[in-house]
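Chemist: Sequence:
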Amino acid sequence: MCLAAGAGYAALLYSAKAPWSKPLNYGLALLRFLVVSFLCFLLLSPFVKSTSTTTEKPTVVLAVDNSQSVGLFTPPAVLSQASTGLQQLATTLRGRGFNVETRTLDPNARTSRPDSLRFQVPATDLNGLLSGVQEAYDGRNLAGVVLVSDGIVNQGQSPVYSQFNFPIYSVAVGDTVPKKDLSLPALTYNRVAFSGNRFPIEAEIGYDGFSGGVATVQLREKGRVLETKRVTLAPNQRRQKTTFLITAPAPGKRRYEVVIEKQPGEFTTLNNSKFAYVEVVKGKLRVLLAGAAPHPDLKALRAAILQNDNFDLVSYLPGIAPLKAQDYDVAILHQIPARGGAGAEVLAQIRTKRTPAFYILGAQSDLNAYNTLGSGLTITPRGTQTDDVTPVPNPAFSRFTFEEEALRRFAAYPPAAVPFGDLRLGGGAEAALFQQVGKVSTQKPLLVLGGLPTQKQATLLTDGSWQWRLQEAADHDDRPEAYDRMIIRTLQLLTQNANKKRLDVYPTQDAFTTADDVTFGAETYNAIFERIYGQQISLTLTDEKNKTRTFSYTTGEDGAPLHLGSLPGGLYRYQARATLGGQAQQDRGELLVQEQQLEALDARANHNLLYQLSRRNNSRLYYPSQFAQLTQDIQKADYKPVLYSQEDLKDLINLKWLFFLLLALITTEWATRKYSGGI
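Position 41, counted from 1, in the sequence shown is what my numbering calls 41; the numbers after and before it change by one each time, with no gaps.
Treat each hint with caution, since some may be false.
Here are the computed distance ranges between Cβ atoms for each label pair [said to hold, decoys possible]: (1) L367 to P395: 27 to 35 Å; (2) R424 to Q536: 26 to 34 Å; (3) D175 to T579: 57 to 65 Å; (4) K501 to G374: 12 to 20 Å; (5) G283 to A369: 32 to 40 Å; (6) Q134 to W657: 23 to 31 Å; (7) P641 to L425: 24 to 32 Å.
No more than 27 Å apart at the CA atoms, straight line, and that leaves these computed lysine-lysine pairs for DSS-like [as the list claims (entries may be wrong)]: (8) K656 to K57; (9) K49 to K650; (10) K640 to K57; (11) K179 to K222; (12) K229 to K253; (13) K656 to K49; (14) K545 to K262; (15) K284 to K262; (16) K282 to K222; (17) K253 to K241.
Think of the hints as simulated: they come from the structure by calculation, not from any bench.
Glycine residues also receive a C-beta, built at the ideal position from the N, C-alpha and C atoms.
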């Protein structure tokens with residue numbers, strides 16, 4: 001029909017006598033026939049189906065354990081042979097049509113030549129390395145992984161218990177020969193001690209080749225020897241314990257070092273020392289836990305608080321026993337103020353003495369009375385409606401941080417009821433937790449920190465948090481650590497710096513490790529203690545050798561912390577200075593950075609783990625001298641490229657070149673007619 005339409009149109013137009021020659025007339029008719037026929041064909045919406053084929057070469061990943069133990073304890077000749085063999089393997093495989101990529105224990109590090117790697121990572125997580133490869137190459141043509149390691153795992157689970165869907169060719173480095181060595185695998189001590197009390201530090205001594213001998217163990221602080229013990233190393237054993245008793249000095253953070261003196265013939269002294277980090281406090285903080293009525297929350301809160309030796313807890317319920325006449329460092333008021341006035345005497349005492357308060361709201365709470373307390377949160381409820389929510393952290397909150405494990409546990413919490421209505425934060429108040437309704441995260445606060453520097457206050461908008469602790473304990477072997485930390489850190493925040501400081505600078509964690517990014521938070525206030533921003537702060541950090549580092553920081557409304565990067569282990573003093581409203585302000589404190597010595601603890605390679613890992617994943621164990629055999633085995637496996645075909649349907653009318661073709665035909669016809677004297 002399209003051809004008939006084109007032919008009819010051409011015949012109608014060019015059948016009459018024309019002023020040009022017959023051949024030219026036939027040519028013009030042909031042009032008109034082609035244009036009209038094709039336009040009619042395009043009206044039928046034809047499409048073109050195209051098939052594209054891509055080829056993906058097989059990929060071999062060189063997974064290199066670049067931890068400190070490999071560099072420290074592998075003989076240099078063996079390590080050099082392994083590095084050279086890896087580079088030759090990569091060159092050979094690329095020449096045989098393979099893609100070769102290098103990955104290390106650091107997931108953020110850029111891949112580099114395997115013979116230029118530096119062995120400096122402070123911990124070994126082989127399961128994380130291999131799982132990262134499996135995730136990154138899921139659905140791709142992954143031929144296998146060449147794992148170069150000493151088999152020592154000190155972080156994460158053993159890779160032997162994981163399932164991997166690719167062959168693992170293990171190359172064993174390190175040294176499996178037992179060595180004469182003394183080490184300190186662990187120190188056991190309480191993180192908090194009270195000034196004037198005696199507290200123990202128990203040291204576990206490991207030994208190989210020194211059975212029946214005597215080890216000299218010292219307890220030091222800032223290079224000064226506090227106590228020395230001579231420990232007899234019992235025959236037929238590999239571990240021995242000894243205990244130091246210390247009288248806690250003045251309040252502050254302390255770093256103690258336990259050192260084993262070097263013995264003749266000892267292989268290395270890298271694992272002969274370990275640090276204990278203790279915070280000495282003035283005395284236990286008195287916590288008042290008052291409730292308007294008996295409630296499961298009270299038991300959950302009590303259990304969480306008693307996990308910390310730094311708190312002395314007093315419970316109170318109206319009408320059961322009189323309130324003890326003493327000062328409290330912080331008060332937890334469960335559903336107080338309450339409808340009906342229960343607990344009014346507690347509330348009056350808290351307000352009179354300006355005691356930091358942690359309000360927990362529930363079905364019995366008098367929200368109108370609560371709104372008059374100046375907690376930083378105003379609630380306008382809509383009748384008795386409630387929302388069922390779970391907690392989700394506010395990423396902009398920096399007063400304390402939530403660990404990755406805590407985030408996973410929060411996600412498993414059952415929903416708890418909160419008042420439904422208008423929630424407004426006042427000046428200086430911050431939300432530590434937001435409400436998540438189902439799978440939707442909202443900006444409604446769930447845990448709020450506010451009040452004034454003279455009386456800090458916090459609010460949790462649900463009386464159903466007992467379910468969270470119960471669920472977490474059931475899921476994690478009676479260890480509800482995320483819930484307990486949330487409660488303890490809130491109380492610690494309420495009891496810290498309860499004074500009129502206009503400059504408040506603080507570490508965002510109780511302690512960091514040498515692998516962490518050390519971060520500081522900062523708050524600045526004007527003369528009437530309203531939060532102000534855009535203030536320049538100078539922070540000076542001084543280590544135990546009196547070496548100083550200076551950093552600059554400007555406060556912002558987003559609450560972004562000051563990032564110092566990683567720091568060497570030790571106890572640091574910090575001093576912050578700023579000029580606020582023309583007046584010089586300063587703040588000071590202490591920072592703990594704990595040293596990680598995981599890689600120095602075990603000098604003996606674990607090649608059995610590598611053997612099992614390769615055997616479970618359809619391969620075998622190799623040594624650095626067998627790279628030629630490894631190369632042949634990979635080639636014999638005959639890994640093939642994978643062809644991917646993709647079909648694509650495209651409407652013919654969308655092809656731009658057809659428009660220009662039709663335009664050219666029409667233009668040619670029109671120009672010819674014009675030139676030949678036609679209209």
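Chemist: Compare the structure with each hint and give your call.
Modeler: So, going through the hints one by one against the coordinates:
no. : hint                     : result
1   : L367 to P395: 27 to 35 Å : 28 Å, holds
2   : R424 to Q536: 26 to 34 Å : 31 Å, holds
3   : D175 to T579: 57 to 65 Å : 59 Å, holds
4   : K501 to G374: 12 to 20 Å : 19 Å, holds
5   : G283 to A369: 32 to 40 Å : 33 Å, holds
6   : Q134 to W657: 23 to 31 Å : 45 Å, violated
7   : P641 to L425: 24 to 32 Å : 59 Å, violated
8   : K656 to K57              : 34 Å, violated
9   : K49 to K650              : 6 Å, holds
10  : K640 to K57              : 7 Å, holds
11  : K179 to K222             : 31 Å, violated
12  : K229 to K253             : 25 Å, holds
13  : K656 to K49              : 16 Å, holds
14  : K545 to K262             : 24 Å, holds
15  : K284 to K262             : 40 Å, violated
16  : K282 to K222             : 22 Å, holds
17  : K253 to K241             : 25 Å, holds
Of the numbered hints given earlier, the model fails hints 6, 7, 8, 11, 15; all others are met.
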